[in-house]
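Chains as they are written, first to last, in the numbering used here: chain F, 1185 to 1611; chain Z, 154 to 446.
These aren't lab readings, by the way, just hints derived from the structure by calculation.
Computed from a predicted model, the values in this text were never measured in an experiment.
All residues carry an ideal CB built from backbone N, CA and C; glycine is no exception.
One should not assume that every hint holds.
[Claimed, not checked] When the alpha-carbon atoms are kept at most 25 angstroms apart in a straight line, the in silico SDA-like pairs for lysine to any residue are as follows:
hint	chain 1	residue 1	chain 2	residue 2
1	Z	K202	F	R1574
2	F	K1468	Z	L286
3	F	K1558	F	P1320
[Unchecked claim] Rough simulated footprint, nothing fancy, chain F against chain Z, three-plus residues with beta-carbon under 8 angstroms:
hint	region
4	191-201
5	341-354
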Amino acid sequence: MRRMLAVVLGLMWVACAGPAAADPIVAQFWYSFGGKNREVTEAHIKKFNESQSKYRIEGTFQGDYFQALAKIRAAAITKTAPAAFHVVGEALPNLWQAGLLESMEEYAKGPNGTDLADFVPGLTQAGYFDYLGKKPAPLFAVPFFRSTPILYYNADMLAAKGVKVPTTWDELRAAAGKLTVREGDDTKVYGFEVPVDWWFWYGLLHQAGGSLMTADGKKAAFREKGQEALQFWVDLVNRDKTMKQPPGKDYSAWEVANTDFINQRVGMIFTSTAFLNYMTENAKFKVGTAFLPAKAKAAVPTGGTYFVLLKDAPTPQKEAGWAFIKWMTEPEQTISLSKATGYMPVRLSAVNSPAMQSFYKDNPNYKVALDQLKTAQRFPFSPALFDIQREVIQPNLEAAVLGTKTSAEIMATAEQKANEIIGKHDK
Amino acid sequence: MAARRARRDAWLGYALVGPSLALFGLVYLYPVAYSAYVSVFEWDLMTPKRYVGLANYRELWSPEFGEVLVNTACYSGGVVVLALGLGLALALLLNDRSRLSAGLQACIFSSYIVSWVAVSLLWVWMLDPQYGLVTYGLRLVGLRPVNWLGSPSVALWTLVLVTVWKTIGYPLVIYLAGLQAIPGDFYEAAALDGATGWKRFRFITWPLLSPTTLFLVVTLTIASFQGFDIVKIMTQGGPITSTMIYVYYIYEQAFQYFRLGRASAAVVIFFGLILLLTLLQWLVFRKRVQYST
Chain F
1185 MRRMLAVVLG
1195 LMWVACAGPA
1205 AADPIVAQFW
1215 YSFGGKNREV
1225 TEAHIKKFNE
1235 SQSKYRIEGT
1245 FQGDYFQALA
1255 KIRAAAITKT
1265 APAAFHVVGE
1275 ALPNLWQAGL
1285 LESMEEYAKG
1295 PNGTDLADFV
1305 PGLTQAGYFD
1315 YLGKKPAPLF
1325 AVPFFRSTPI
1335 LYYNADMLAA
1345 KGVKVPTTWD
1355 ELRAAAGKLT
1365 VREGDDTKVY
1375 GFEVPVDWWF
1385 WYGLLHQAGG
1395 SLMTADGKKA
1405 AFREKGQEAL
1415 QFWVDLVNRD
1425 KTMKQPPGKD
1435 YSAWEVANTD
1445 FINQRVGMIF
1455 TSTAFLNYMT
1465 ENAKFKVGTA
1475 FLPAKAKAAV
1485 PTGGTYFVLL
1495 KDAPTPQKEA
1505 GWAFIKWMTE
1515 PEQTISLSKA
1525 TGYMPVRLSA
1535 VNSPAMQSFY
1545 KDNPNYKVAL
1555 DQLKTAQRFP
1565 FSPALFDIQR
1575 EVIQPNLEAA
1585 VLGTKTSAEI
1595 MATAEQKANE
1605 IIGKHDK
Chain Z
154 MAARRARRDA
164 WLGYALVGPS
174 LALFGLVYLY
184 PVAYSAYVSV
194 FEWDLMTPKR
204 YVGLANYREL
214 WSPEFGEVLV
224 NTACYSGGVV
234 VLALGLGLAL
244 ALLLNDRSRL
254 SAGLQACIFS
264 SYIVSWVAVS
274 LLWVWMLDPQ
284 YGLVTYGLRL
294 VGLRPVNWLG
304 SPSVALWTLV
314 LVTVWKTIGY
324 PLVIYLAGLQ
334 AIPGDFYEAA
344 ALDGATGWKR
354 FRFITWPLLS
364 PTTLFLVVTL
374 TIASFQGFDI
384 VKIMTQGGPI
394 TSTMIYVYYI
404 YEQAFQYFRL
414 GRASAAVVIF
424 FGLILLLTLL
434 QWLVFRKRVQ
444 YST
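This is chain F alone, in the form it adopts within the complex (with noise of 0.2 angstroms):
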């Protein structure tokens, strides 16, 4: 009996242990995608661990964004954070400034580096970032499924109204109003439907003419334009009862946008181009994209995520991160995957290549995006930038479109809370 249970516990021993010699490091990638933009990353994963024998990546979901970020806090506390994650362009000031994340130049730079001068400079880390006149941080940043908002209109609703697409927010005001059906009181279809957030905010302050801070960074400085820009959407929404404002919060707005546009309950959305795939694929219509309107200029913020490295890893699993980082980002895969999504190719050759090429004649709302990089506003490199975002903008936008404050009081304040925000950082 004994010796049965030593035999079986050898046994067992070596199972685990297995042969040593070939086992590839494993580093763990946390990832924000649920659903079809799931599939198409967890494939990729699968794919980067056929292509060699070194390294293993096993992805895991951790919920949207900010789900994922909060977990990502947690687990750095714990020493349990994963080699590489990816995370919205907002969020990396205050990690880079926590020295949570790894800088990348030497990675880049080395033996198994990667061209980074091949990379779309719109999508770069140093083109997402104003450095408010001060020293850029080095690379720490790689982009990993970037995006812009675009108009998404349905083409044959616009085409029976002979409504044209508009380019300004006149024209994007008068188009609503002419697509919008109503039954009595009821509204069976809206002209227009934006998610009232951040993003679409920041896009529309820059339209205006505004912007978050001042050049040094020392300063908010967002209250005129962005009232001018929250005003609009008041305006639609409760003036001309032609635009929708999706309820919840974060990206339950931005599903019920969507589905409402795929069930044609509404002619015009903005959303991220990151949707393009899901809704070409599901819409019973033809789908049409353009550029944002313009106001006094025409502008668009940049979202989608950037691949970062934590710090605190282990050297082997962060150089298995890495690895994966730089085969994600080669032309090969940046164009599956951006085939796949909506998301923009992150290379210059692959944006060039005539796969590519021949795939925007063919498929053209694809090319919208990344043509509209050309008007692309930066965010500020401010640790103060998150809470701004998330604490000062993002949760009260919404009670001017539902009538219980007036953009003005609700700018006023928040431009008086963001100073505060940034006046603790700078201590």
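Once you have looked at the hints, place chain Z on chain F.
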């Protein structure tokens, strides 16, 4: 000899409760104590904690937090009153041994065991103001659709209704047990004295159910105070902050805004509130409850 034996028994007793006591301490007492500790710091989970004394508590003394308290009281009060009233009514209706009653009891109780997430998602779809089932039903009978989750003055009450729908099986079952524990003799005696339906309820059923009612008030209050899932799925505290109830507020402060200190201060206050509420209910009801017959 006897003393030695008693001591041995005591040790055995401690040894037996030890494991669960240790677990209780680890997953319950320790976190509570740690929250109290964190509540005097400013902490964002990234940069080192900074001692701020009672500043977090002072910051909570704000109209914003007051609104959270009012929301929580309305939600909790609404749920307790409605669930108790409807639960008792249903229990009185279904308190017989017919097959129909048994079937209905099972149906009503089923929603209690379904996950909060599933129930919340289901109701989000049913209550959609443009094409939800409820909206469709209202239109059929010629009523104007209600913006159940999108209107700041309605949303909290919508959550109350959904919560009552979800939890009604619980007071129903407990009340049924309470009703069946009342000896039949009382009703026979009352019938001899000529007591009618309402009088029998007022002077026999209701007083003898008071321990059951106390138990339900305490458990339903605590459970509804801890409501979270339904808010997370259905409204995320919105529109604006109209459905921001206590636990969701803590979650938002901690894991959306990363103000761990402020969130912990709110946890400490919450702990005190629930303790106080339980004591108060116990004191008030102790005098009025008839435990034995």
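Any of the earlier hints contradicted here, and which numbers? 5
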